[in-house]
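Student: The lines below spell out each chain.
Protein chains: 4
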Amino acid sequence: MSATPRRLRLGMVGGGAGAFIGAVHRMAARLDDEWELVAAALSSDPARAAASASELRIAPERAYARYAEMAVAEAQLNRQGGPGIDAVAIVTPNHLHAPVAHAFLDAGIDVICDKPLALTLAEGQALQAKAYARGRLFVVTYTYSGYPMVRRARQLVRQGELGALRLIQVEYAQDWLSTALEGSGHKQALWRTDPALAGAAGCLGDIGTHAYQLACFVSGLQARAVSADVATLVAGRALDDQVQATLRFDAGVRGSLWACQAAAGEVNGLRMRIYGEHASLSWEQQRPEALRLRRAGGDDTELLRGRTEHGATETIRVPAGHPEGFIEAFAQIYRDTALAIRSRRAGTSAMAAAPDLTTVADGVSGLAFVEAALRSAADEGRWTALPVGRP
Amino acid sequence: MSATPRRLRLGMVGGGAGAFIGAVHRMAARLDDEWELVAAALSSDPARAAASASELRIAPERAYARYAEMAVAEAQLNRQGGPGIDAVAIVTPNHLHAPVAHAFLDAGIDVICDKPLALTLAEGQALQAKAYARGRLFVVTYTYSGYPMVRRARQLVRQGELGALRLIQVEYAQDWLSTALEGSGHKQALWRTDPALAGAAGCLGDIGTHAYQLACFVSGLQARAVSADVATLVAGRALDDQVQATLRFDAGVRGSLWACQAAAGEVNGLRMRIYGEHASLSWEQQRPEALRLRRAGGDDTELLRGRTEHGATETIRVPAGHPEGFIEAFAQIYRDTALAIRSRRAGTSAMAAAPDLTTVADGVSGLAFVEAALRSAADEGRWTALPVGRP
Amino acid sequence: MSATPRRLRLGMVGGGAGAFIGAVHRMAARLDDEWELVAAALSSDPARAAASASELRIAPERAYARYAEMAVAEAQLNRQGGPGIDAVAIVTPNHLHAPVAHAFLDAGIDVICDKPLALTLAEGQALQAKAYARGRLFVVTYTYSGYPMVRRARQLVRQGELGALRLIQVEYAQDWLSTALEGSGHKQALWRTDPALAGAAGCLGDIGTHAYQLACFVSGLQARAVSADVATLVAGRALDDQVQATLRFDAGVRGSLWACQAAAGEVNGLRMRIYGEHASLSWEQQRPEALRLRRAGGDDTELLRGRTEHGATETIRVPAGHPEGFIEAFAQIYRDTALAIRSRRAGTSAMAAAPDLTTVADGVSGLAFVEAALRSAADEGRWTALPVGRP
Amino acid sequence: MSATPRRLRLGMVGGGAGAFIGAVHRMAARLDDEWELVAAALSSDPARAAASASELRIAPERAYARYAEMAVAEAQLNRQGGPGIDAVAIVTPNHLHAPVAHAFLDAGIDVICDKPLALTLAEGQALQAKAYARGRLFVVTYTYSGYPMVRRARQLVRQGELGALRLIQVEYAQDWLSTALEGSGHKQALWRTDPALAGAAGCLGDIGTHAYQLACFVSGLQARAVSADVATLVAGRALDDQVQATLRFDAGVRGSLWACQAAAGEVNGLRMRIYGEHASLSWEQQRPEALRLRRAGGDDTELLRGRTEHGATETIRVPAGHPEGFIEAFAQIYRDTALAIRSRRAGTSAMAAAPDLTTVADGVSGLAFVEAALRSAADEGRWTALPVGRP
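Residue numbers (our numbering), protein chains in the order written: chain B, 1 to 391; chain W, 1001 to 1391; chain D, 2001 to 2391; chain X, 3001 to 3391.
Bound-form chain B, shown alone (with noise of 0.2 Å):
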């Protein structure tokens, strides 16, 4: 048994009292015990910002108002050796995403960002230019990139178990847009369906890019071009919320891609399946601990979370059977990023440490596949490029 370390000390910009995701990023921060959450600026108003941070147990001095005032305060106390933080959250709606990373980037600040990276594809990549030129830690919380079939399934992938791909399906479907819930003011519904706050997308970009990002994960390529329809269902709405895309991977692998935020009956369906010579893998988001290896001609077999041995790189919580959710796969994005700082700070380095952990980088591919995507569907579909190469 060796000394533990102490526990890594967490900022957080955005998630106030009622806010979805923040609190989520706190259990996923607190469920290994990596983490402690000691600084924040909840919220832009005063009053409700130290009224979340009384109620989150933060002292009152590194409850701030201004992200700006927080990120050069705590990079103040870490230069004086004082207890600043090692890493910023960022929570907040979409389009302060990049102003907020921007300014702990400035900081010397490794930054946590929930996804999207940015509102434009050229936002994310100056945030990409910044994050390497500083050499600052930059994770964008793809979660579902955090459950250990993903995480299996990328690795059988890698291991040639299905044969040269070639098909890849993904698809990710809600209901909670069937109807024009931004017109009662509902929070949620309202910055996500607002062109200034949540970008030029809508559901492309809230759930279509998980979609991208998870087909991308498991199969190890990036898509060259797309061609895609890009609706808006419910009457009223500015932003899409329904999109159906066909792809050109790498090395001739097909693809499709559907997001929806306006199919009844849809909870939360993020599924995925990739097809290659030999076999093909199945995986759905609300049934997270079974994947599914079908053979060509021959029979299926569901492989359980912690069933056989596998070596993906996972944690083990509970055995198989156990079941574990969403709270733990943003948990190991945690604890990933909790290895990644320790690994770099004991000079080795924090990728290799925690080599599924997702980045800035995939923000950007995000970015680019979203601004595509666009362009194809204002031109009647046609195939239009993604940039050559990971961004």
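Since the hints were derived computationally from the structure, they do not count as laboratory data.
Keep in mind that the hints are not guaranteed to be accurate.
Said to hold, decoys possible - Covered, in the sense of this in silico footprint (three residues per stretch, anywhere, with C-beta under 8 Å from a C-beta of chain W), are these stretches of chain B:
| no. | region |
| --- | --- |
| 1 | 107-114 |
| 2 | 378-384 |
Unchecked claim - Label-pair ranges, simulated between beta-carbon atoms:
| no. | chain 1 | residue 1 | chain 2 | residue 2 | range |
| --- | --- | --- | --- | --- | --- |
| 3 | W | A1251 | B | G252 | 30 to 38 Å |
| 4 | D | G2160 | W | A1235 | 53 to 61 Å |
| 5 | D | Q2155 | W | S1184 | 26 to 34 Å |
| 6 | X | D3250 | D | K2187 | 34 to 42 Å |
| 7 | D | T2004 | W | A1003 | 26 to 34 Å |
In this text, a Cβ means the ideal position worked out from N, Cα and C, and glycines have one as well.
Take the given structure of chain B and dock chains W, D and X to it, following the hints.
Tutor: Below, chains W, D and X without anything else, positioned relative to chain B:
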């Protein structure tokens, strides 16, 4: 108990020993005891034709080597008031569907034709015109429309259970052509991948049209435009084995269609999902007795064949929980055909008696889809219109 | 292609208009074209018998009002080398199974009898003795043994795939008798809950014996002792509708059996799980095409009918992924019966030709189970022995 | 936003490095941020106790080698108004549960005890008496009662959704003891199959009691009598690994319970079905987010956690479709415990605040079931009474 009418007399062209679909037609015709097979041209090789007929207990004098001869002879029997056939089942390879159908239409005999109707849209339209001109029933055996829960889905849509439709997703995936099976002399693979025998489309025509018909059958809609990516995944194959199409139906309804015969692990994966404002339906052919109804923001209901009353036009053969399958679905089409013929002879409308029966119009619609999809794919996925109005 | 032998000629006792199981027998007999129905005593009411026969296109001279007369007359035809029946299907209510079977055995005619064989074990043993003495085939239609995946399970067990057996769990639950349906005059409910017509056991005999036979069929074992709790859940019912039995099979194998006809929400829930040292199998009748093989400490494999070669004795009618169901399973028994009869006539062993065919011995075994379970329940669940050795 | 109270302080006995259940308790305690682990006696070996405490970042002065010393010292801190523990979590092997619990009850400290409560019913009753006499909260962690859909099932039963209950079927099957794992020195296997450490029951006590508690928790009933068959399937094992029990609950409700740890292919198969006059519910632990409601003669509905409002007492952590699992269910019990303690301190009823919390009474009930089942099995399955009234 009313007197039971005589069995209808069925002729068959194609379907000699070893043929898959011919045997299925015969079981389907037999199941409900409405038909007896009395005449056939089972092979163009006279010796084989005679041997196959003997095996099927067909009288030697009605075992023909040439379908044209059979059409003339059976029509002659009918004119004499003798026991000629009431209908002919055409179960040859695709390229013979049209010439055989012409011969029997010309002889005044009703036709039951395996799908696809013909090799080209023009051929199909000519058959349709002739069938209408001669007043003949022309059934095209879109088997899957015979499943009770597919019919129930159609009924639920028509009754408005889903609200206004938004999206239709269909797919049909198999893996039996995952390798270049045609290179090994496999008979089914050979003709299905040979443009001279199967037409310009491979997988698109073979199974894509089933998926398309299912979408139209359940929704009551026709596609207005298609953007397609048509590919050949297995090296050296002469026809497509992979199709990804994006669809626009009437009234702004969006759709997608995927068909593939090189999808490792897929057995006979025909699946349909249809989304409306309030609810959606999903159905899978490999689990045909269940239809899932999912409500926006609500719970899922699993409807089971025979479990609750619903009034669709399926036959009640065995109670709920006693699974029916593919042969029973096929038998439904034979039963509907018998009903249609008897109704016409009784002076009432054939189609009113069997409103879910699939006919030459469906066959033409499928050919229109195939041609538009091929044109779109050849033109880089350009949106390509389908004919307006049901053909 | 060898010459096809004539269809075997089937007679039927019981199964007039409106009867469920008679119609199923007829469809099953028809499906594979091995049988034709030519004679029947469909009702003890002469007018109804004649009308039902006419409806089934049976010649008036072979439509009998009394089964005894039919047995004599058809045997006479056979003796004259005339077209008498090759076998009789007995599809009456339970209390008539034995007397009808005696009449046809006495007439030297092979018997296909619906289950249960008789009302008492003694009656069943007498039938078995007579069938053996007369050298007649006596098939008891345990339908579920006709499912291909049940036969494959039997084969896997026999091949040692599971290792030494440990446990067998079977259950059969329905809900159609959840209310006192017999009080409303429902015909099926009336006779199945009337001790005079159904025997001393209700649900235990009606469906419990199916579950028991399935356990024995797949495992190759017989129960040696039973401890049972037999109950009536619906007030006023004259026979049991709920049975929970604990079993001890040969060789220390443990088991349990649950049967219930008042289990709300259960449609036709026959399920089996069988556990060995190394692996287990599970099967559900409402999803009959799949058999799940689960290995200790390992992954699950889902075996699908027709997907991989296996050599069980089922008929290949349609390929994998084209679901077969209850009628097809029933047809398997008719096909096996035809094979057995033809083999015997060809001078080879009937049972060697159809080794999975269920016969009078299975029927006697079921009656022995019923009687032991009733005795155990009457004696506060005392462990009660079943006869040693297959009856 | 009200002020957030301080975290409750948790002590732990047992659960040093490598222990499974101790780590789960800690994650569960941490997840909702209601608890902090501040003191522990992690091992009876002082060096190991200290090292484990260091690994868990527990201050050295509160890392105890002896639980008795810890109870005294922490009570002393509490009396001084100092930061003593608010509750102790007991996660030792079974035979220590009772002595440790006595020590902390004597010290006036609330107890959270892993299950089983004790080795014998008499021991359990003594603990219950002491807990009541001292007015201490005594939680027994029946984890599965923390799953939201189990709580919803309980609520639906209580609301009469099923009508009068008829039948309860529970089972818990695993395969990790399919071989004589204890012979290889496997630590978990060793103590769980050793009568001195685990008590007189093996599988019956280890997982059978979970199944029994689930039946009681959801139904609101207690068993009145049991007829059991208890067996050892793996040669040489000192305790049972297979139990089949038939149950009679209050009010004539029938039931069965199966528990097995040598069932090849079963991972952590805890399942429950409960049938009433009008409907039934079924739930499986490996798919915990769904609860199936099936109506007599009607359709099935699948209820999903978080999808529709229902008012059960579970915590909303993440929305529907974002799976929660075992750790979250466990965390629910820690959250309820915190709620109960805070309520009592605020002068209101602890149990009214957390009515679904499982306590020493449930533990005693489970021990009563175990003892009755063992007596029944030893007496050839004789029906054996359980104590009347909730213990």
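Student: If a hint holds in the structure, say so; if it does not, say that too.
Tutor: These are the hints, each one checked on the structure:
no. : hint                            : in the structure
1   : 107-114                         : violated (count 0)
2   : 378-384                         : holds (count 4)
3   : A1251(W) - G252(B): 30 to 38 Å  : holds (36 Å)
4   : G2160(D) - A1235(W): 53 to 61 Å : violated (42 Å)
5   : Q2155(D) - S1184(W): 26 to 34 Å : holds (29 Å)
6   : D3250(X) - K2187(D): 34 to 42 Å : holds (36 Å)
7   : T2004(D) - A1003(W): 26 to 34 Å : holds (31 Å)
The structure fails to meet hints 1 and 4 from the earlier list, while all remaining hints are met.
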